[in-house]
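Student: The lines below spell out each chain.
There are 2 protein chains.
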Amino acid sequence: MYPPLVLVLAIFFAVATAIAALSSPLPHPLDPLSPTELTAVRSTVLAFSLVASRPISFHYVGLDEPEKPDVLSHTNAAAAAILPRRAFVIARAGGLSHEFYVDVTNTSAPRVVSHGIHDGPGFPMFTTEEQVAAGQLSREYPPFRESLQRRGRALTDVGCGVFSMGWFGKNEARRLAKVQCFIVAGGTANYYARPLEGVTLLVDVEKLVIVAYRDRAAYSVPKAKGTDYRAGKAGPPFNGAVPAPGVVVQPEGKGFHIDGHIVRWANWEFHVGFDMRAGTVISMASVHDADADLWRRVLYRGFASEIFVPYMDPEEEWYFHTFMDAGEYGLGVSAVPLQPEADCPANAAYMDGYYVDADGKPVKSENIICVFERYAGDIAWRHTGVAGPIAPITEVRPDVTLVVRMVVTVGNYDYTLDWEFKTVGSIKTVVSLSGILEMKATNYTHVDQIRDDIHGTLIAENTVGVYHDHFITYHLDLDIDGTKNSFIKNTIIPKRNTGVRATSGAPTPRRSYWTVLYEVAETEAEGQVNINDAPADLLFVNPSKKTKVGNEVGYRLIPAGATATSLLANNDYPQRRASYTKKQVWVTPYNKSEK
Amino acid sequence: MYPPLVLVLAIFFAVATAIAALSSPLPHPLDPLSPTELTAVRSTVLAFSLVASRPISFHYVGLDEPEKPDVLSHTNAAAAAILPRRAFVIARAGGLSHEFYVDVTNTSAPRVVSHGIHDGPGFPMFTTEEQVAAGQLSREYPPFRESLQRRGRALTDVGCGVFSMGWFGKNEARRLAKVQCFIVAGGTANYYARPLEGVTLLVDVEKLVIVAYRDRAAYSVPKAKGTDYRAGKAGPPFNGAVPAPGVVVQPEGKGFHIDGHIVRWANWEFHVGFDMRAGTVISMASVHDADADLWRRVLYRGFASEIFVPYMDPEEEWYFHTFMDAGEYGLGVSAVPLQPEADCPANAAYMDGYYVDADGKPVKSENIICVFERYAGDIAWRHTGVAGPIAPITEVRPDVTLVVRMVVTVGNYDYTLDWEFKTVGSIKTVVSLSGILEMKATNYTHVDQIRDDIHGTLIAENTVGVYHDHFITYHLDLDIDGTKNSFIKNTIIPKRNTGVRATSGAPTPRRSYWTVLYEVAETEAEGQVNINDAPADLLFVNPSKKTKVGNEVGYRLIPAGATATSLLANNDYPQRRASYTKKQVWVTPYNKSEK
Numbered sequence: 001m002y003p004p005l006v007l008v009l010a011i012f013f014a015v016a017t018a019i020a021a022l023s024s025p026l027p028h029p030l031d032p033l034s035p036t037e038l039t040a041v042r043s044t045v046l047a048f049s050l051v052a053s054r055p056i057s058f059h060y061v062g063l064d065e066p067e068k069p070d071v072l073s074h075t076n077a078a079a080a081a082i083l084p085r086r087a088f089v090i091a092r093a094g095g096l097s098h099e100f101y102v103d104v105t106n107t108s109a110p111r112v113v114s115h116g117i118h119d120g121p122g123f124p125m126f127t128t129e130e131q132v133a134a135g136q137l138s139r140e141y142p143p144f145r146e147s148l149q150r151r152g153r154a155l156t157d158v159g160c161g162v163f164s165m166g167w168f169g170k171n172e173a174r175r176l177a178k179v180q181c182f183i184v185a186g187g188t189a190n191y192y193a194r195p196l197e198g199v200t201l202l203v204d205v206e207k208l209v210i211v212a213y214r215d216r217a218a219y220s221v222p223k224a225k226g227t228d229y230r231a232g233k234a235g236p237p238f239n240g241a242v243p244a245p246g247v248v249v250q251p252e253g254k255g256f257h258i259d260g261h262i263v264r265w266a267n268w269e270f271h272v273g274f275d276m277r278a279g280t281v282i283s284m285a286s287v288h289d290a291d292a293d294l295w296r297r298v299l300y301r302g303f304a305s306e307i308f309v310p311y312m313d314p315e316e317e318w319y320f321h322t323f324m325d326a327g328e329y330g331l332g333v334s335a336v337p338l339q340p341e342a343d344c345p346a347n348a349a350y351m352d353g354y355y356v357d358a359d360g361k362p363v364k365s366e367n368i369i370c371v372f373e374r375y376a377g378d379i380a381w382r383h384t385g386v387a388g389p390i391a392p393i394t395e396v397r398p399d400v401t402l403v404v405r406m407v408v409t410v411g412n413y414d415y416t417l418d419w420e421f422k423t424v425g426s427i428k429t430v431v432s433l434s435g436i437l438e439m440k441a442t443n444y445t446h447v448d449q450i451r452d453d454i455h456g457t458l459i460a461e462n463t464v465g466v467y468h469d470h471f472i473t474y475h476l477d478l479d480i481d482g483t484k485n486s487f488i489k490n491t492i493i494p495k496r497n498t499g500v501r502a503t504s505g506a507p508t509p510r511r512s513y514w515t516v517l518y519e520v521a522e523t524e525a526e527g528q529v530n531i532n533d534a535p536a537d538l539l540f541v542n543p544s545k546k547t548k549v550g551n552e553v554g555y556r557l558i559p560a561g562a563t564a565t566s567l568l569a570n571n572d573y574p575q576r577r578a579s580y581t582k583k584q585v586w587v588t589p590y591n592k593s594e595k
Numbered sequence: 001m002y003p004p005l006v007l008v009l010a011i012f013f014a015v016a017t018a019i020a021a022l023s024s025p026l027p028h029p030l031d032p033l034s035p036t037e038l039t040a041v042r043s044t045v046l047a048f049s050l051v052a053s054r055p056i057s058f059h060y061v062g063l064d065e066p067e068k069p070d071v072l073s074h075t076n077a078a079a080a081a082i083l084p085r086r087a088f089v090i091a092r093a094g095g096l097s098h099e100f101y102v103d104v105t106n107t108s109a110p111r112v113v114s115h116g117i118h119d120g121p122g123f124p125m126f127t128t129e130e131q132v133a134a135g136q137l138s139r140e141y142p143p144f145r146e147s148l149q150r151r152g153r154a155l156t157d158v159g160c161g162v163f164s165m166g167w168f169g170k171n172e173a174r175r176l177a178k179v180q181c182f183i184v185a186g187g188t189a190n191y192y193a194r195p196l197e198g199v200t201l202l203v204d205v206e207k208l209v210i211v212a213y214r215d216r217a218a219y220s221v222p223k224a225k226g227t228d229y230r231a232g233k234a235g236p237p238f239n240g241a242v243p244a245p246g247v248v249v250q251p252e253g254k255g256f257h258i259d260g261h262i263v264r265w266a267n268w269e270f271h272v273g274f275d276m277r278a279g280t281v282i283s284m285a286s287v288h289d290a291d292a293d294l295w296r297r298v299l300y301r302g303f304a305s306e307i308f309v310p311y312m313d314p315e316e317e318w319y320f321h322t323f324m325d326a327g328e329y330g331l332g333v334s335a336v337p338l339q340p341e342a343d344c345p346a347n348a349a350y351m352d353g354y355y356v357d358a359d360g361k362p363v364k365s366e367n368i369i370c371v372f373e374r375y376a377g378d379i380a381w382r383h384t385g386v387a388g389p390i391a392p393i394t395e396v397r398p399d400v401t402l403v404v405r406m407v408v409t410v411g412n413y414d415y416t417l418d419w420e421f422k423t424v425g426s427i428k429t430v431v432s433l434s435g436i437l438e439m440k441a442t443n444y445t446h447v448d449q450i451r452d453d454i455h456g457t458l459i460a461e462n463t464v465g466v467y468h469d470h471f472i473t474y475h476l477d478l479d480i481d482g483t484k485n486s487f488i489k490n491t492i493i494p495k496r497n498t499g500v501r502a503t504s505g506a507p508t509p510r511r512s513y514w515t516v517l518y519e520v521a522e523t524e525a526e527g528q529v530n531i532n533d534a535p536a537d538l539l540f541v542n543p544s545k546k547t548k549v550g551n552e553v554g555y556r557l558i559p560a561g562a563t564a565t566s567l568l569a570n571n572d573y574p575q576r577r578a579s580y581t582k583k584q585v586w587v588t589p590y591n592k593s594e595k
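Residue numbers (UniProt numbering), protein chains in the order written: chain L, 1 to 595; chain A, 1 to 595.
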């Protein structure tokens, strides 16, 4: 739903003002909704007379951010009081998706500003409550009990979970999902290691009824032994040689300050929000230009907008495993409390977040974001000068960065999502994948038995690790020195020399070199980039701001690491849904409604 | 000269023995030559009666490593005494390159084992002494003095350095190099910021004579102001907001032990050598398999074998800037002493290295390698389990790694070359580029004046940062569970589904997926990989070692970050010399002479 990279091309004029510190009790216009505000939203929606159907279940409640010019001018203290606080709500009632905008500027007198029925395709995120309830449906379902009996399994041996079923061309009014099950007996903590392969339920997660049931075939269940991941249960090396403990000590204390949701560190200032769907939202990041004694804007807003995870097994129980982790499960709802001195180092500070349950009541997520200074032993810049009258010189600047971390556990997978701010002015997003593979049970116990494509790797007896991709997409609304930005592609172009004289001097014996082709994106099509097509620098600049010698001032988008594109067919359903995964970069003009 | 990646395919049988600890005063067979041994090498070469010409200048002295089977069997203590200690020497005398093998097993009775004249193309590395002397030649050269006078510059304002001149089709008997100069007056520490553009000397670095002189044109010299990089002299932000200091404290002390050149840490054991040309050499890295209580071999030897740096300016003073930093300048000779608590964190240990000067005398490089445990705040593995009878579970393993670091300063550039060992068994090589750009003086002071290709970016008034590449190549002799290894390419292949039934179950609505094509390299041609051609896993396995379920045991080569290939024309001279830069991976059978 979100384009992976959004750039504001030309909507508003640059406001090159310093971002003023906020010390008033008034919320920053981008602060997430408080528990008081969330509670006011709930009561307002429940009291809304035009929606009579019950129950109303709340699937998303988040801040409806004010218009960008209003937020930017809010930094003038005089305007602080006038920005309205509004919530955007997605709720289900009577089999319909309702969208509300609720004004909670005055939490004693909240009001619905607008209400509409979403009539296009697509559904809101699952609620935790309906996932738990749908997972339980099988327990009272006689055919499922018979399936277990035939396999010699007790009901208490089994746990079932909700698997989104993707989209395969049919626009369904019901909110359907697949339910698949695992053997959870055997003492292992590894919920996903022992699939009850071959059994699939189709359920209506809203009505909480089983719509279809299929017990296609029985497969061997992988053994519990050797699957537990707890340190005390795992084999070597996980219970073995543990490296010596080390703690970062900061004799002068932390170098950053958190004031509400504003973080200030070194030459950086930014706002950290939290959203049910996106999790961490970085807003209004500015870097201090000490030369000009000016805060220069860089990033109006950035967040992880989607994680698309298609599995590559076309068989009946697996073809639909084409998850959209953000849009279906919610990265914010799935974020887990961070373990001090494990998920984050000892010198970290923590922030809490709030989301709402299906009933609309605020739920507090403690320690959901951590902020810490990273002392990794890296070198920011160095030079040893051995020549010249001032030599020898050794000048070394050790690297210290600031990390804002969230860990999202969507079922089996754990994503660590870091925003890393550097004193040189760059921002790095780092995604680390951890957790547990999604596994498929098989009767194979040895690779020599395999004759056809098992769509994965036999990783243990009776266990296939199924091939899959993870496409993690970021929404980045860059405001480089203001909102009026351009996207520039500097493509590296090979040049051939045919023995002719170079521009000046003697004829060159060089037969080739490369140069750079400068292109400004003029259309949305030119804003789409497949990074693997040609070596190129991707730059975001403010064309009205130049350096002393006339170069544009900008940020460079540097892909560090894997830059895959999807290998699915263009006409395949999961690919149509995630069509943006065919290119890594999409630059579009700012449009608030396209968030 | 070195292929980027060397893999032993099938020479010797696996020796799956544990690597015994060495506590005897006998050197490990891979230990670098000691000062005593280097001194013995020098006297032996100087006394060698078949080479009467004087002077003899020493360009390379390094360990001639014993044959691999001898080294591997040396781990049996009984064999320890019998391995000979030999040096390989490249020296110049009488205008010829002499190659010696010198036995120094008994340093009281060293002897030349073999001597030969190198009669192919190519020359050894520069010595420091000849670089310094060649840089001084201009001072007494009247045409150069006239050039300075015309420009109003004093001799004391100028420093000159040796620039290797690449290869452009001519096989020259003389050791020629270009000399180019910089204005070093003006109080800046930045030797490279103020080129005396347009003036080039061609010198014979051996005879120390000027062979040709060219003063083509005078260009504006960039101003000194704003070029100094010392913290006290640099402008903001480098003298500005400094992050809070942080120190890694290890309450139980360091977790690694250095015993001579052997490093032991967590489940790792490896040998750290030092070589004049390659710098850090990692040998015999083994990882402990706690399950089997066995040390398993991974890497017989690994080192950075070349850094090719072609510049992309075809003009007379720049076309030849096609450096081979290892082969021409030497990474070991160019390695710089590491600054404690800056180049390496406070919890680092340091090792020294030795090389020889032009006279063959040993020179000690102190603190040339550091070893430290890296606590970067990363997570090695984690999972939060929310479902199942044992939930909730949060299991987090913070990441601690071991880094072996060297910093090489080749003129203007500083390369930080890290080997990072991880407890999960992986090894990561990390290259960080720092230092100072190679700059070209120009009369331009603003980009609006530029009409043609200036082959770079106007980065300051009168200063162009010239386009260039850095290709850093590693020689990796992997011995995965023994020397008998295979190279496997698992290419990801898109599959299209035409509505037919999947292997079993109902017809699938999926129209596409991908699978993996397994290919074993049978020839050297199949061992060449352009990583950007197709998504693929590159694996090195021992085909005779299988897991319980029959999978091969191996290491995966994971390109992290930029994987460029050269854009130069195949028939261009620098490309012919660095032809390996057209593909990122070259796997060849082991051949000691191809090191």
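Hints in this document: simulated from the structure, not taken from any laboratory.
All C-beta atoms, glycine included, are put in the ideal place defined by N, C-alpha and C.
Don't take each hint at face value.
Said to hold, decoys possible - Quick look at which bits of chain L chain A covers, simulated, 3 or more residues with Cβ under 8 Å:
hint, stretch
1, 160–174
2, 342–354
3, 375–382
4, 385–393
5, 431–443
6, 460–467
Student: Tell me the hint numbers this structure goes against, listed in increasing order.
Tutor: none
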